[in-house]
Amino acid sequence: MRKRSMLLLTGAVALVASLIVGPAATAKSERQAAGTVIIGHDQEPVTLNFYITEGNAYTTSLAMNPVLASASVYNQNAKLVPFLVDAAPKIVRANPLTVSFSYKKTAKWSDGRQITGADFVATYRTYMNPNYDITSREGWEDIQSVKANGKKVTVTWKKGKAYAAWDALVATSPMPAHKVAGQNFNDLWRNSIDVASGPFKWQSWQRGTQMVLVKNNQFTAGPKAKVDRVVFRYIPSTPSLFQALNSGEIQVTEPQPQLQIVDIRKNRSKFKVQSGPGYFWEHMDIQFGPKGHAALKKQYVRQAIITGINRNQIKQALYVTPGLVGSAKELPVLQSHIFKPFEQYYQPNWKKWSFSQKKVITMLKAKGCTGGPNTPSASNNNIWSCPQVGKLSFRFTTTTGNQLRQLTFEIAQKQLKSVGIELQARFGPSGTVFGQVLPSGDWDIFMFTWLGGPTSSATSFGLYGCGGDQNYMNYCNKKASNMLQKAQFTPDPNARAKLLNAAEKIMANDVMSVPMYVRPGFLINSTNVKGPVLNPTQQGSTWNAQGWTVS
Amino acid sequence: MLTFVIRRLLYSVVVLLAASFIIFTFVSVSGDPVAFLRMQPTASEITIQRIEERKHLNDPIPVQYVYWLKDMLTNQFGTTTIGDRPILPDITRVMGHTLQLVIAAELLAILVAVGIGVYSALRQYSVFDYSATTFSFIGLATPVFWLALMLQVLFVYIYQWTGVRIFYVANLSGVDPGTGIHFLLDRAQHLALPVLVLMVASIASYSRYMRASMLEVVNSDYVRTARAKGLPERSVTMRHAFRNALIPLVTIVALNFGALLGGAVVTETVFGLDGMGLYFINALNNGDPYPVMAWLMVTATLVIIFNLVADIAYGYLDPRVRYE
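Protein chains in written order, with our numbering: chain A, 1 to 551; chain B, 1 to 324.
Just chain A, same shape as in the assembly (with noise of 0.2 Å):
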């Protein structure tokens, strides 16, 4: 009896001793970690490849980027900056476009091999092979010849079809030509990575936990990284993130838009919050089909739509006053489909449309509209019927369980509901609204998010222009259209700008789609970790991580 008193004494006391112990232990280790920095993220890559569609994440470039760095870098401005390249790749002809870039002589993959012009056919042969599941051949496909000498490159495009972001497409993170010849690209780098080209080189993975990666000691085409290593964390539940942040197991994170971000704003002394416009747009897309109501075929009724929703107090409701973004200025109201606030080009083109409820009103009075209000009224449930067209009572649809969307979703109806103009919720699963819905074109008013990026201007086309691949709208302006084409095939960026801009003026009259905000970003690092910067391109945060610093 006593004996076996004292075994489970024995026992209570060493399951004790193993708390106590155990703190110890792992703060040896933490400590042995110094030149450590450890980055949370939400969603973990499948694969380590990021040219194939499998590896077409954002947290996959994240982990990526610093390892098979691109020729040129897209800065926190969404600048490309000449990384592996000698300088910034120049234009030799203009028709057919022809372009030419140099690596720099201190480019070299982690093996010691040169990085070359052969790496860039690699590239290009690859990107071209129908066999592998390239996310995007935009550009590549029209590609008339690659010439490579020793480190100097030449690309020429067909005749007529220079393509128009070319800067960004020979920015491409070069494929190691000894690396990925004879392989099957869809199986390559899968779960592992051998060779490097930028400031880290790959490590480990242990799946559903980390990925490490470390300095790469042969990277010499720019200054070394400064931490021994990056860690990347995966915790799939943000509020769980925030408290891995709080407690030290996480140094730097890219949450989602969550109230804890407020909190973590007011710990200056231990958090830097950064927030600012991304590439991702939110928008009401108008349907212009057969399939689509009568009345939004009237520019008038689109007209009255836009003008009667709020976008200024939309985009305050979701992001300002709930103190997500630092104050309004750093999350304007979006004024453009084609150019994001942040973007060199551009113009706010519909700024014109500003929130006028009276307005509304007046011009579907005059168009010989009835049964609606005569003043603008928030328990108002008359509804304007148009000549013609019917009632202006719209199919909304949008995806369910984003509480954004339903937050935009109801202030927008309860806007135009008290100037007559009615919502009905057609709201579904994204499986079912994306790969079912969007394409059939039988909706009214569709609200979801691009996920552009810098070249997306560029390709406008095939969101805007007559018969575009991706213009679920069924829109089309034939002028605008043209212009949008044309902008396809012009390299030069300036003149691309003004095509641009000015189809979007005539998109804008034609109000087939209402802009309404920029997703923000959120960059959030202790202060314990200098020189992560907010980077609003694929290129994410750790686009600059080589300089960053922990103590």
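No lab work stands behind these hints, which were simulated from the structure alone. Fair warning: there could be bad hints in the mix.
[Unchecked claim] Stretch by stretch, here's where chain B covers chain A in the computed footprint (C-beta under 8 Å, at least three residues):
1. 41-53
2. 125-139
3. 230-243
Glycine included, C-beta positions come from ideal geometry on N, C-alpha and C.
Position chain B relative to chain A; hints supplied.
Same frame as chain A, but now just chain B:
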């Protein structure tokens, strides 16, 4: 007995097939694995079409189901829709992690719950009994996600206040988990909070069963006879009462264990544990029916097996139960 087992297994195959078809239909209708590609203005239509053709996404759902069934039987659950990634290695990995979590939580919960249940029964209507009953009801009524978040907040607060890290609030292991005893301690520090969360509900439930069962047994004739024979109280309690009182608990634990192996979805998601539950949620979010179906088949099979184990164990422990 053998006939009983074979009959149960045959029924189970039919149940599995029916369940798999229903779930496959729901997942296929509600999800679109290439939706994220459609939202990208530059995504290649050719690539999207290739994926759709390869995975027969444009075929009617019954046809897609047959392709999936063929893949599952001949190709170890098949591959993911995007990227053709083999599913079996992922399922094996996450199952290992869930096993660590569930075994630790269940073993500790059984130990504590049996102790509480037995002591409550032996000291019926005592302060301890009332307290245990109250805490059991609180434990049963507490939402798992809330408890998990509160524990995270508590231990973050302790860390910020004292500078000592007792338990981690996320993931399965540390950045440098070390080897040997350091690795075990690191794993224990990471699993402690999720284990605690799972334990609370299990203890609350098991202790009630144990108390009720023990009360029934201690008042039975054969226990009275054992006492009348002059056996010491300890021997009466442990040998005659306790062993028989365990029978209902064995059944409950077996059933619960089978269900938990499918993953403690909420606990794993909150603590970012790479287990079956989180795997399921991720697969569902991606709208990819193949990994969802793999999860379903593994989970359903485990539930069926543990149901069978519970039935067999019940018959083995209680000679009065006979299989027909």
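Structure-based check of each hint:
no.: 1; hint: 41-53; result: holds (count 4)
no.: 2; hint: 125-139; result: holds (count 7)
no.: 3; hint: 230-243; result: holds (count 10)
In summary, this structure violates none of the numbered hints.
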